[in-house]
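**Q** Here is what each chain is made of, one letter per residue.
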Amino acid sequence: MSDTTAFELVTPARVMISRAAGMVVAPGVEGLFGVLPRHAPLISTLQRGVVEVHDNGQVTDRIMVDGGIADVAEDRCTILAERAEKLDPSRKDEIHAQLDAAEQDGKDNDVDFLKAVLAALAA
Amino acid sequence: MANLKDLKNRIKSVKSTQKITSAMKMVAAAKLRRAQENAEQARPYSTRMSEMITSLAVKADPNSGPVLLVGTGATANHLLVVVSADRGLCGGFNGGIIRSTRREVLRLQGEGKTVRLLMVGRKATDALKREFSDIFVETLEGVQGTEVQFSDADKISQKIQSMIADGSIDTCSIVFNKFISAIAQEVTFRSLVPVEINAADAEAPQEGSVAPNEYEPDEASVLTDLLPRALTTEIYASILESSASELAARMTAMDNATRNAGDLIDRLTMVYNRSRQAAITTELIEIISGAEAL
Chain A
1 MSDTTAFELV TPARVMISRA AGMVVAPGVE GLFGVLPRHA PLISTLQRGV VEVHDNGQVT
61 DRIMVDGGIA DVAEDRCTIL AERAEKLDPS RKDEIHAQLD AAEQDGKDND VDFLKAVLAA
121 LAA
Chain B
1 MANLKDLKNR IKSVKSTQKI TSAMKMVAAA KLRRAQENAE QARPYSTRMS EMITSLAVKA
61 DPNSGPVLLV GTGATANHLL VVVSADRGLC GGFNGGIIRS TRREVLRLQG EGKTVRLLMV
121 GRKATDALKR EFSDIFVETL EGVQGTEVQF SDADKISQKI QSMIADGSID TCSIVFNKFI
181 SAIAQEVTFR SLVPVEINAA DAEAPQEGSV APNEYEPDEA SVLTDLLPRA LTTEIYASIL
241 ESSASELAAR MTAMDNATRN AGDLIDRLTM VYNRSRQAAI TTELIEIISG AEAL
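Here the protein sequences line up with chains A and B, keeping their order. Each residue of the first sequence is one higher than the last, beginning at 1 in the working numbering. Each residue of the second sequence is one higher than the last, beginning at 1 in the working numbering.
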């Protein structure tokens with residue numbers, strides 16, 4: 001058995017991330033849970049929050065998801081999210097622009113999500 | 001014999017038509033590549049989703065499971081989601097959908113069911129308006145194109161869910177053109193409610209799922225959370241397929257049109273040259289006979 005989990009983050013538009021990860025922390029509806037290799041099979045719904053990918057004890061990727069579902073098996077962890085945004089400080093301006101556009105269109109859910117993205121970026 | 005000037009004009013107009021059709025063909029081909037990529041990239045999401053649904057659905061009780069999964073038990077009221085294109089000039093694309101829809105509606109009505117239609121795309125809406133406008137639930141335009149928005153699929157999905165919830169429909173299916181290849185599309189009906197479960201998948205135990213899954217919070221809530229998402233995903237995937245098919249159909253249709261225009265131009269040019277030659281010959285004869293008479 002390998003000491004990594006095949007992590008996949010899939011949105012309707014594309015496969016966003018597909019790589020091996022040491023540990024994945026996902027925002028389950030009943031609280032954060034970590035997925036290490038050889039995790040018991042689990043299907044959990046997710047709430048809006050940050051998915052963290054750890055490698056060798058370091059956080060290597062942070063992705064904001066707007067709810068979704070996680071399918072965990074012994075050697076893989078698949079997260080299906082309708083909306084996901086990679087938390088990348090260099091994209092801050094872009095997200096600000098999206099937020100302004102969403103505010104103008106009155107898309108409340110988008111506004112909330114993008115605000116959460118910015119808050120997570122600031123943290 | 002046709003007038004030379006008329007022939008010349010005719011050739012000119014066919015040539016400009018040919019230019020338009022060949023440009024449309026190239027535009028469709030370029031867009032098709034994008035649409036095909038989109039459809040392919042959306043596939044992992046929907047396959048995973050249906051895998052999960054399948055694994056949960058086999059455990060659910062067919063009599064008391066969630067409505068979205070097993071239906072209301074009744075089949076009297078049916079909603080048909082019809083996905084066509086907003087624009088024409090794409091061969092038999094819209095015609096196929098319209099014909100199948102009409103046949104299906106009449107068949108279901110023949111069985112004594114109440115049918116309602118949710119129309120996506122202008123072409124089928126226009127074509128079926130006269131006959132069935134009293135059973136239209138909603139008509140949507142501008143949904144497909146190169147950028148299919150997930151939120152549009154979500155809107156349709158919400159509508160279906162609320163109709164199921166208030167009991168105005170019992171079952172729901174979708175009809176769209178499935179993309180098979182650039183030259184083949186197939187009108188496909190798929191049941192949305194109750195969920196169509198691939199029997200082969202359900203029976204074969206999936207790889208890696210030897211141990212029973214744990215569910216968080218619990219099986220029923222995961223399923224109720226998953227089903228609306230799966231419905232939306234199914235609609236989204238269908239619209240993507242339909243968009244790719246539309247472009248493929250347009251590409252083929254425009255390719256044929258360009259070729260036909262080429263043939264027509266060849267034929268007209270031949271006639272033109274013949275008439276021109278005939279006119280010259282006639283003139284020569286006139287001159288010669290005139291000279292001989294002197």
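In case anyone wonders, no lab produced these hints; they're calculated from the structure. Note that the structure is predicted; figures quoted are calculated from it, not measured. Please note that the accuracy of each hint is not assured.
As the list claims (entries may be wrong) - Each computed SDA-like pair below joins lysine to any residue, with the alpha-carbon atoms no more than 25 Å apart: (1) B:Lys25 - B:Thr224; (2) A:Lys86 - B:Ser46; (3) B:Lys155 - A:Ala116; (4) A:Lys115 - B:Lys25; (5) A:Lys107 - B:Gln149.
**Q** It remains to establish, for every hint, whether it holds in the given structure.
**A** These are the hints, each one checked on the structure:
With a C-alpha separation of about 45 Å, the suggested pair B:Lys25 and B:Thr224 falls outside the 25 Å cut-off, and the hint is violated. Taking the CA atoms of A:Lys86 and B:Ser46, the gap is about 21 Å. The hint holds against a cut of 25 Å. Simply put, B:Lys155 and A:Ala116 have alpha-carbon atoms about 23 Å apart, close enough for the 25 Å limit, and the pair holds. For the suggested pair A:Lys115 and B:Lys25, the alpha carbons sit about 43 Å apart, so the restraint of at most 25 Å is broken.
Restraint check for A:Lys107 and B:Gln149: satisfied, since their Cα atoms lie roughly 14 Å apart, inside the 25 Å limit.
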